[in-house]
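Asker: Chains as they are written, first to last, in my numbering: chain A, 1 to 314; chain B, 315 to 624.
Please note that a few of the clues may not be correct.
Computed footprint of chain B on chain A, listed as stretches where at least three residues anywhere in the stretch have a Cβ under 8 angstroms from a Cβ of chain B [stated by the list, open to error]:
hint	segment
1	156 to 162
2	192 to 199
Partner residues are not named here, just some residues of chain B that face chain A (Cβ under 7 angstroms, in silico) [as the list claims (entries may be wrong)]:
hint	residue
3	Ser445
4	Glu447
5	Ala451
6	Arg470
7	Lys475
8	Arg516
If you are wondering where the hints come from, they were derived from the structure by calculation, not from laboratory data.
Being a predicted model, the structure only gives us computed values, none of them experimental.
In this text, a Cβ means the ideal position worked out from N, Cα and C, and glycines have one as well.
Single-letter residue listing:
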Amino acid sequence: MATVSAPKQVSVKEDAEALRKACQGWGTDEKAIIAVLGRRNAAQRRQIRHVYEEIYQEDLIKRLESELSGHFEKAVYRWILDPPDRDAVLANVELKKSGNKHHVIVEISCTKNPEELLAIRRAYHARYKRSLEEEVAYHTKGDTRRLLVALVSAFRYYGEEINTTLAKSEAKKLHEAIKDKKFDNEDVIRILSTRSIAQLQATFNCYREQEGTSITKNLPKDSSDEYIAMLRMAVRCLKDPKKYFEKVLRRSIEGIGTDEDALTRVIVTRAEKDLKEIKELYHKRNNVPLDKAVDKETSGDYKDMLLTLLGNEV
Amino acid sequence: MANPCEVEVLNNALSGIGVDEKSLVSILTKSQNEHKKSMRKGCSKFFLEDERQFERWNDSAIKSLKAEFKLFKDVVVLSLMHPWERDARLLKKALKKGPPHYNVIVEIACTRSSDQLLGARKAYHSLFDRSIEEDLASHVKGSERKLLVALVSAYRYEGPKVKEDAAKSEAKALLNAIKNNNGDHKKKAMEEDEVIWILTTRSKPHLKVVYEQYKKISAKTITEDLEVELLLKETVECLCTPQTYFTRVFDTALREDAKEDAKKALTRLVATQEDVDLKGIAAKFEDKIKERVKGAYKDVLLGVLADDRQ
Numbered sequence: 001m002a003t004v005s006a007p008k009q010v011s012v013k014e015d016a017e018a019l020r021k022a023c024q025g026w027g028t029d030e031k032a033i034i035a036v037l038g039r040r041n042a043a044q045r046r047q048i049r050h051v052y053e054e055i056y057q058e059d060l061i062k063r064l065e066s067e068l069s070g071h072f073e074k075a076v077y078r079w080i081l082d083p084p085d086r087d088a089v090l091a092n093v094e095l096k097k098s099g100n101k102h103h104v105i106v107e108i109s110c111t112k113n114p115e116e117l118l119a120i121r122r123a124y125h126a127r128y129k130r131s132l133e134e135e136v137a138y139h140t141k142g143d144t145r146r147l148l149v150a151l152v153s154a155f156r157y158y159g160e161e162i163n164t165t166l167a168k169s170e171a172k173k174l175h176e177a178i179k180d181k182k183f184d185n186e187d188v189i190r191i192l193s194t195r196s197i198a199q200l201q202a203t204f205n206c207y208r209e210q211e212g213t214s215i216t217k218n219l220p221k222d223s224s225d226e227y228i229a230m231l232r233m234a235v236r237c238l239k240d241p242k243k244y245f246e247k248v249l250r251r252s253i254e255g256i257g258t259d260e261d262a263l264t265r266v267i268v269t270r271a272e273k274d275l276k277e278i279k280e281l282y283h284k285r286n287n288v289p290l291d292k293a294v295d296k297e298t299s300g301d302y303k304d305m306l307l308t309l310l311g312n313e314v
Numbered sequence: 315m316a317n318p319c320e321v322e323v324l325n326n327a328l329s330g331i332g333v334d335e336k337s338l339v340s341i342l343t344k345s346q347n348e349h350k351k352s353m354r355k356g357c358s359k360f361f362l363e364d365e366r367q368f369e370r371w372n373d374s375a376i377k378s379l380k381a382e383f384k385l386f387k388d389v390v391v392l393s394l395m396h397p398w399e400r401d402a403r404l405l406k407k408a409l410k411k412g413p414p415h416y417n418v419i420v421e422i423a424c425t426r427s428s429d430q431l432l433g434a435r436k437a438y439h440s441l442f443d444r445s446i447e448e449d450l451a452s453h454v455k456g457s458e459r460k461l462l463v464a465l466v467s468a469y470r471y472e473g474p475k476v477k478e479d480a481a482k483s484e485a486k487a488l489l490n491a492i493k494n495n496n497g498d499h500k501k502k503a504m505e506e507d508e509v510i511w512i513l514t515t516r517s518k519p520h521l522k523v524v525y526e527q528y529k530k531i532s533a534k535t536i537t538e539d540l541e542v543e544l545l546l547k548e549t550v551e552c553l554c555t556p557q558t559y560f561t562r563v564f565d566t567a568l569r570e571d572a573k574e575d576a577k578k579a580l581t582r583l584v585a586t587q588e589d590v591d592l593k594g595i596a597a598k599f600e601d602k603i604k605e606r607v608k609g610a611y612k613d614v615l616l617g618v619l620a621d622d623r624q
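Next up, chain A with everything else stripped away, as it sits in the complex (with noise of 0.2 angstroms):
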């Protein structure tokens, strides 16, 4: 369920102007800022972009760019894109950084449904002028490459038939391949980035049964070959995303520091979608509340932003 609480009713052309006369005159009224697009859906986002357009004649997030900095910037620049659009230009960034790492890749593959990620790649056309699959094969080489581009051209039947008798012979043979240690055989991104999600569920449950262990315990933790890290990755991903998010949140917030890009992705991306149930898990894993753990490890218009999304009065 999501956590953001969009009023059914709104007037785009009012919040619109409060936008307006947010980002006027000296500074920025961020609060207002916050008001009005923590508390909209996507629907009403694009209204209110549309809207503001016509009667300003600008661009709002072009607009909002120039007012905001930081990782408040950020948040409200993911914020406000259609969310596939949103997830085309987090793959474009995830792609642009150096090194083989490329689990956002992985992360948006494995936990969108074919129709969503059906509209992230023509999203992606349509901003950067090329298919998300050649961005990825130009960006990455070797086994990284064969996955990854497997993974996301993947468009999965998805209804909830399953096969059995598939899932139980698919189950063996990822099994061989685990223990015999050959994470690149070809059996392994075939079942991975071609089965239905209800289908690698099942086989995923035959797994546990023919061998006691869960698949993801048997498939080797913090590996230092990045592919066998992003496969493990995207087991966990088409096992249970939201157990696989609320880690993610976990791992942003614990520890010195705070991966802020991790944080705002996750609250961004699943604001609309699942996130209550992901603050239950973290609830239950952590004994603290999302919500307040956030408060404790941010501050400022970045926090205010976060805690609305996440369904808070601020």
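Dock chain B against chain A, hints included.
Answerer: Just chain B now, with coordinates in the frame of chain A:
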């Protein structure tokens, strides 16, 4: 007694591509048993006289005739189908029939627009309760698997923007992969990751530039250098020089010794390609069509490929 003229008409009506239904109707409605007897004697292509002096149908002739009669039915059924269902069914059939038919998968994956291919994938979900990638990945063995799965999974950018530098370096990479194979002559170009990702993710305009760049650095074109690897060659052809591919389909299908698959390829092209350019190619073959193709099937071909078609 049937006169020699009628025998010739019968022979003609059943030879070539398709069948001349009108002539057959008039022959049959006018013939009596004596007529038919002399027609059987006159058409040695279709009837055999066995050791008991009994003229019987040549079994293999019946088989070929079945295929010729079927051409019209196929083009009708295929043309009326929703394009997505059509492609999904063609893909499934090709997969089921096995490796000699994988070129159909290449044809569909490479000549459709990004959204048409996507539609075919959706239709496949609806018709077969699985994704095409799943089926391909689990039924295709060997090096073809990587290529075919990647080809059907593509959702290529369709705008005109091309990065010249990238195209240049990718042409070079392809040349290396095709020529050298790192000295390992057993490894096919199709098995090289570089080749796969370039051909299966880059946009078509980009690949056309790669094709041109390749010509500059190699004595031959990519397709000429890939003579031995048929599937890969057709991939490049369909993506970079589809006109060459279409022309070849027409040419092969309209030959004297054309096989069943060649004619099926023609049917497929005619029923599915709404490309304006196809008409240009077809115009070159108009005379051949009029000469070798018969009956309702010919009418469909000529009608569909005519310039004033909506």
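Asker: Against the earlier hints, flag every one the structure doesn't satisfy and list their numbers going up.
Answerer: none
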